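**Q** Model the placement of chain B on the given structure of chain A, informed by the hints.
Protein sequences, first through last, are from chains A and B.
Per our numbering, residue 1 is the first one in the first sequence, and the count goes up by one each step.
Per our numbering, residue 1 is the first one in the second sequence, and the count goes up by one each step.
It is worth saying that the hints were derived from the structure and are not from the lab.
Values in this document were obtained by computation on a predicted structure and should not be read as measured data.
Treat each hint with caution, since some may be false.
Same chains, same names: a pair is fine if it fits in one copy or spans any two.
Here are the simulated lysine to any residue pairs, SDA-like style, with alpha carbons at most 25 Å apart [what the hints assert, rightly or not]:
no.: 1; residue 1: Lys379; residue 2: Gly266
no.: 2; residue 1: Lys3; residue 2: Gln310
no.: 3; residue 1: Lys311; residue 2: Ile7
no.: 4; residue 1: Lys119; residue 2: Val236
no.: 5; residue 1: Lys182; residue 2: Gly406
no.: 6; residue 1: Lys411; residue 2: Ala36
no.: 7; residue 1: Lys379; residue 2: Arg137
no.: 8; residue 1: Lys119; residue 2: Arg66
no.: 9; residue 1: Lys198; residue 2: Leu99
no.: 10; residue 1: Lys311; residue 2: Asp49
no.: 11; residue 1: Lys379; residue 2: Arg250
no.: 12; residue 1: Lys210; residue 2: Lys411
no.: 13; residue 1: Lys3; residue 2: Val135
no.: 14; residue 1: Lys3; residue 2: Arg312
no.: 15; residue 1: Lys311; residue 2: Glu332
no.: 16; residue 1: Lys311; residue 2: His417
no.: 17; residue 1: Lys198; residue 2: Leu221
no.: 18; residue 1: Lys3; residue 2: Arg47
no.: 19; residue 1: Lys182; residue 2: Gln310
no.: 20; residue 1: Lys3; residue 2: His95
no.: 21; residue 1: Lys311; residue 2: Gln418
no.: 22; residue 1: Lys182; residue 2: Pro170
no.: 23; residue 1: Lys182; residue 2: Asp136
no.: 24; residue 1: Lys3; residue 2: Leu99
Listed here are the chains, written in short residue letters.
2 protein chains.
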Amino acid sequence: MVKPQSISGFPEVLPGAQAWFEDRLHALRGLFRRYAYVPLETASVERIDVLSAKGVADKEIYRLARLRADEHGHETEYALHFDLTVPLARYVSQHQGRLTFPFKRYQIQKVWRGERPQKGRYREFYQCDLDVIGVDRLDPHYEAEVLVAMHHALVLLESPRHRFRINSRPLIEAVLAHFGFKPDTHTEAVRILDTLAKAPISVVYAQLTKLASSGPATEVLALLGTTPTLDALRQVLPAQTQDTLDSLQRLSETLLAFGMPESAFGLDLSIARGLDYYTGTVFECVATDSPELGSICSGGRYDNLAARFQKRALPGFGASIGLSRLLMPRLEASACAQHPAIPWVICVANPAAFGVAAEATRILREANVTCELLPHHPKLGHLIRRAEQLGATHVLLAFEAEAAEGAIVSKRLADAHQEHVPLTDLVAHVGANQPLQGKP
Amino acid sequence: MVKPQSISGFPEVLPGAQAWFEDRLHALRGLFRRYAYVPLETASVERIDVLSAKGVADKEIYRLARLRADEHGHETEYALHFDLTVPLARYVSQHQGRLTFPFKRYQIQKVWRGERPQKGRYREFYQCDLDVIGVDRLDPHYEAEVLVAMHHALVLLESPRHRFRINSRPLIEAVLAHFGFKPDTHTEAVRILDTLAKAPISVVYAQLTKLASSGPATEVLALLGTTPTLDALRQVLPAQTQDTLDSLQRLSETLLAFGMPESAFGLDLSIARGLDYYTGTVFECVATDSPELGSICSGGRYDNLAARFQKRALPGFGASIGLSRLLMPRLEASACAQHPAIPWVICVANPAAFGVAAEATRILREANVTCELLPHHPKLGHLIRRAEQLGATHVLLAFEAEAAEGAIVSKRLADAHQEHVPLTDLVAHVGANQPLQGKP
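Okay, chain A solo, but in the shape it has when bound (with noise of 0.2 Å):
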């Protein structure tokens, strides 16, 4: 024998978790969809020598190879995709002339990466993704629409406590400028800054140093300690970076417009994330309440999402929502019930009933009415409780005299009332004793 286990890495949980997430998941869909998205769904698997272009290290990719019976093993030359950008950028360069731009997609799948497991981190997990291509040139009024979709799409999650923090390559740069970081140091500077949250300040400070003097690092660290506004940047930096602190003044309006709450977001100068990668607007987003989760949206602006394909540039403007991390602590706990709860359980009281029960089946699925029917059972009292534990609020009884007038008994399991139904009556019934939750 075989002893059945999970896999280190790949989640898996009940299905009462497994329904709350599927509800989640079409939520989402729809708010996207109301946002003017499309859906997209790539194939799960990359050539090597698509994947390997954004410089990830190679042990995180999944190869696949084909068993053999005859021989060790033989290599494909595809691999498990490991994020959904890379797939985006070669779909959005495959089907260019059959795209309308700005292309504007929502993609939620499963990526895969071979790391080696720990707390928090999977192998394989959903992505949700939301991206704004244009050609050549993309409205700025795009980044905010990105951002407020996901803060919907992260109030639909139920972590409606959180905040973007905003940050910007050109600002940043323009900071370390002015305070004397030669440009070659502005990668390594910003890499630093982002470890203000965990490390100690000394610490951060000593790395500085090693860029520059003594005199930038400190000056640089004293301003971001005072988390500066936009407008306290506009007294402290040169004029020529006026047009950086417009363009950031105006997303925060746009933000507003469009209903983002002003607890929602602010200015971050620490983040660091992608800004080898990102040209513009980057961001990563926390759960108020969860800091311990760390960013559970991130994202920015590019300047070229398919550079490695073709010469054209398309510049986009992109977000990401690692699902599995942000949801399957609570999937995995027994927050969610096994079992989604049946309203009406149909039971066979008698044998000869049988077709009234079946037909009693028939005629709630086609009103759209979710039910069960049990099999028959000599004793009644043991047919309730399982409709019990299925978390019933009425159970029709199937009785053969009743049957044999096209009939059948319902009972409020609360107060134990019972009425005699016409089959013909029984939808109206149901409509007429719905439980109070909305929701399937």
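**A** Relative to the frame of chain A, chain B by itself:
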């Protein structure tokens, strides 16, 4: 530069087709939930010792290997699942104590097979499985329930004209035994009879005579040639097969009680699919209008789902739709629009009116209206043409003068009728001008 291209056997479709597919999956989930099935999603991979249990050709399995920077490859003990039955067996056996039995689950996931791709065959494809699993026993009415649910599923998938061809292992064995085939020839005889639809009858006859003499071969083919009903078989077969005929009779009656149209199912003694795996009822469903698709849904009854994992019997009945095989020809054809239509499009006619346009966009999206905001363009005609390309029925034009009054101009594209609409009346205005289509 890398050439962006699709990988043979890993299908991808355009966003309009993907939207249609997503809507169909949602409809299927709703259907199965009404039938009180719970969702299950298992990991994409299984341990190889779990997967290779079923005795499939090993070369069809895609094994995962880790790509390393310093060496050629490094195989793992995991492989992508090639169906949803093996994962179900492993999952149910593993979580038995936490599941409600009979365990009724639907599972719609991608599966992978490393076969050489050909027309209508994929290496990555969606399957949609429905199974009911009992502990020790399973009431026969669940067989009818699964078949009826799959009938409705095929209707939702726009294949309303189809026929479930039903056979049963005890029945075909009784027929073979009755005409003189010895028990050890039954499996092979069934395999030969399964070729009747494609091979000339003379070839089938010649093969059958190798298993038994010409008499039994002639009699079996003569009986199958009449496509006998249960009543006809009752005349021919000996008394000890009456139980088998009775249970098929009950299945037929329950199917009708559950609402299955009489034209959508029938007895077919030549169905052999999986008779070596299944132990009772077995079926294949063909699309009446598209027989070239082959079996679009199949399955049957098994005595023990998880015999490799445990001693306690888990009898079940299952059915599977090959979603990709059924839908991909339609999805790849241009029948689906490249983009779902967006009925309301907001245009920034004057840059100073951007705030009102953004506010209108926010109001509509919060009221669950799908809409798009187009950035300013100096030519109004250009904006309206873009709105028409997106499938708009109305444009909302943000002009500076109306913006000052908190209003926007609504223009119906069909007849160029214009209205001045205060933002406070916008939701009511849209409600009064909804396009006729009800679906998203």
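**Q** Where does the structure disagree with the numbered hints, that is, which hint numbers, in rising order?
**A** 1, 4, 5, 9, 12, 15, 16, 19, 21 and 23
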